[in-house]
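Student: This is what each chain is made of:
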Amino acid sequence: MINSSKCKVKSLKFMEAFTLLETIVVVTIIGLVLPAIFSIIFIILQQQVKVLRLQQVKKEGDFVMSLMEYTIREKAVGIYNDSDVSDPAHAQCTAKNSSYSSDTRPLYLKDNNNNWFNYYLDTGLVSSNAAIFSEALNLTTDKVLASELQITCNRTGLFSPPTIAIRLTLCYKTSAGSCASTGRPEDTASMTYNSRVKLNSY
Amino acid sequence: MSKKLQKGFSLIEVLVFVTILGLFFVAAAAITLFSLRNMKVSEHRIIATHYAEELLSWMKNEKDDNWNDFMDNASAGVGTYYCFSSLSWPASSGSCTTEKLDSIYTRQALLTLVNSSQVSVNITVNWDDSNITYSVPLNTVFTLWE
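First to last, the sequence lines map onto chains A and B. 63 is the number that the working numbering gives to position 63 of the first sequence; each next residue is one higher, with no gaps. In short: position in the second sequence from 1, add 202, done, that's the working numbering.
Treat the hints as calculated values from the structure; they're not laboratory data. On a predicted model such as this, the values are computed, not experimentally measured, just so you know. Heads up, a few of these hints could be off.
As the list claims (entries may be wrong) - Derived DSS-like pairs (lysine-lysine); straight-line CA-CA distance at most 30 Å: (1) A:K96 <-> B:K265; (2) A:K198 <-> B:K242; (3) A:K59 <-> B:K265; (4) B:K242 <-> A:K173; (5) A:K58 <-> B:K209; (6) A:K96 <-> A:K173; (7) B:K262 <-> A:K96; (8) A:K198 <-> B:K262; (9) A:K59 <-> B:K209; (10) A:K110 <-> B:K302; (11) B:K262 <-> A:K59; (12) B:K265 <-> A:K58.
Stated by the list, open to error - Sample of chain A residues facing chain B (criterion: CB under 7 Å; computed from the structure): (13) I40; (14) V51; (15) L54; (16) K58; (17) Q150; (18) R167; (19) M191; (20) S195; (21) R196; (22) K198.
Yeah, the Cβ is synthetic: ideal placement off N, Cα and C, and Gly gets one too.
Extracted from the complex, chain A is given alone in its bound form (with noise of 0.2 Å):
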């Protein structure tokens, strides 16, 4: 048998620990480790950060496009510079070699019911109104910020319906709430569009 006493003392003197050679040397390893990995974590989420922002400027833009090519070439038979389509000493673009922008009045197009409908920059977001709304709609969502939207007519001949221009800014809105990030160029996303379209019902 073997003392109890004498078993306690023995192991005392058996356990084992880690020397300081070793812990210093693990310590250092996971040091060297860790940071390592999470900067690779870093990267990989910065590069995604990006490639969704710009996914989701893409697809505002291209929806916002479509629809106003769309209802441009399809729907409008008029260009006016004020709601009141009827009149048409607001007629624009009806003469040869005539232009109208939409930078210092906005650009009213008149469906084939007489009503006006139109687009519009309201504080960063793309919104349309029409006569037959009871409110504007906003066309782009609050996490992009369009930054330019200029819309155009130009008509070249008397014989020809007049063409709109459009040009479209768009940029993913930062934390700072602008289209710039500072130190971060992974936090930018921005595309222009540029498009032209004939009113074919003109």
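With chain A fixed as given, assemble chain B onto it according to the hints.
Tutor: Just chain B, lined up with the frame of chain A:
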């Protein structure tokens, strides 16, 4: 006595451990590199698709504006290559190596006259990423009446 009792790992144990650890790190690095490159490619692809679509819609308008002028830019059979760094007809046809969009993308259009009322349009946006050339093609046929 105490020296005799000191335990250690055998060479085989250490080798096996180091090999497994090494394989794990190499695999992790490879996966990371692969997914990063993939994401970079998809980022470029989104922008390249935008540029291709932009050119296509511009061409459609050029065609609607004046069919004869548009047709003059195409040639029968082999077709004519144009390099569009901006939305205007380039002065000369040919391949583009110097004119790049965002200094990354080259945007080319090949116009081929199919017959007197049809022009085939092949738009390609190319970019290089670590010695691999990626491309976004967009093909359509423009008809006089449509």
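Student: Each hint: holds or not?
Tutor: Now for the hints, and whether the structure bears them out:
Of the pairs offered as hints, the one joining K96 (chain A) and K265 (chain B) holds, with about 21 Å between alpha carbons and a cut-off of 30 Å not exceeded. Between K198 (chain A) and K242 (chain B) the CA atoms are separated by roughly 37 Å; this puts the pair beyond 30 Å, and the hint is violated. For the proposed pair K59 (chain A) and K265 (chain B), the alpha carbon gap of about 27 Å is at most 30 Å, so the pair holds. At roughly 21 Å between alpha-carbon atoms, K242 (chain B) and K173 (chain A) fall within 30 Å of each other, so this suggested pair holds.
Among the hinted pairs, K58 (chain A) with K209 (chain B) is inconsistent with the structure: their alpha-carbon atoms are about 64 Å apart, more than 30 Å. A threshold of 30 Å between alpha carbons decides the hint, and for K96 (chain A) with K173 (chain A) the separation of about 41 Å lies outside it, so the pair is violated. At most 30 Å may separate the alpha-carbon atoms for a hinted pair to count; K262 (chain B) and K96 (chain A) meet this at roughly 23 Å. Between K198 (chain A) and K262 (chain B) the alpha-carbon distance is near 11 Å, which keeps this suggested pair within the 30 Å criterion.
Between K59 (chain A) and K209 (chain B) the CA atoms are separated by roughly 64 Å; this puts the pair beyond 30 Å, and the hint is violated. For the given pair, K110 (chain A) sits about 40 Å from K302 (chain B) by alpha-carbon distance, which is inconsistent with the 30 Å threshold. Restraint check: the Cα-Cα separation between K262 (chain B) and K59 (chain A) comes to about 21 Å, which is no more than 30 Å; the hinted pair holds. Straight-line distance between C-alpha atoms of K265 (chain B) and K58 (chain A) comes to about 25 Å, which keeps the hinted pair within the 30 Å bound.
Hint on I40 (chain A) holds. Least Cβ distance to chain B is approximately 5 Å, under the 7 Å limit. The beta carbon of V51 (chain A) comes within 5 Å of a beta carbon in chain B, closer than 7 Å, and the hint placing it at the interface holds. For L54 (chain A), the interface hint holds, the least distance from its beta-carbon to any beta-carbon of chain B being 5 Å, beneath 7 Å. The beta carbon of K58 (chain A) is positioned within 7 Å of a beta carbon in chain B (closest approach about 6 Å), and the interface hint is therefore held.
Among the interface hints, the one on Q150 (chain A) is violated; its C-beta lies about 15 Å from the nearest C-beta in chain B, farther than the 7 Å criterion. A hinted interface residue such as R167 (chain A) counts as satisfied when its beta carbon comes closer than 7 Å to some beta carbon of chain B; here the least separation is about 11 Å, so the hint is violated. The restraint placing M191 (chain A) at the interface with chain B holds, with a minimum CB-CB distance near 6 Å, inside the 7 Å limit. Against a cut-off of 7 Å between C-beta atoms, the interface hint on S195 (chain A) holds, since the closest Cβ of chain B lies about 5 Å away.
The closest approach between the C-beta of R196 (chain A) and any C-beta of chain B is roughly 4 Å, which is under the 7 Å cut-off, so the hint is satisfied. Interface restraint check for K198 (chain A): the shortest CB-CB distance to chain B comes to about 5 Å, inside 7 Å, so the restraint holds.
The structure fails to meet hints 2, 5, 6, 9, 10, 17 and 18 from the earlier list, while all remaining hints are met.
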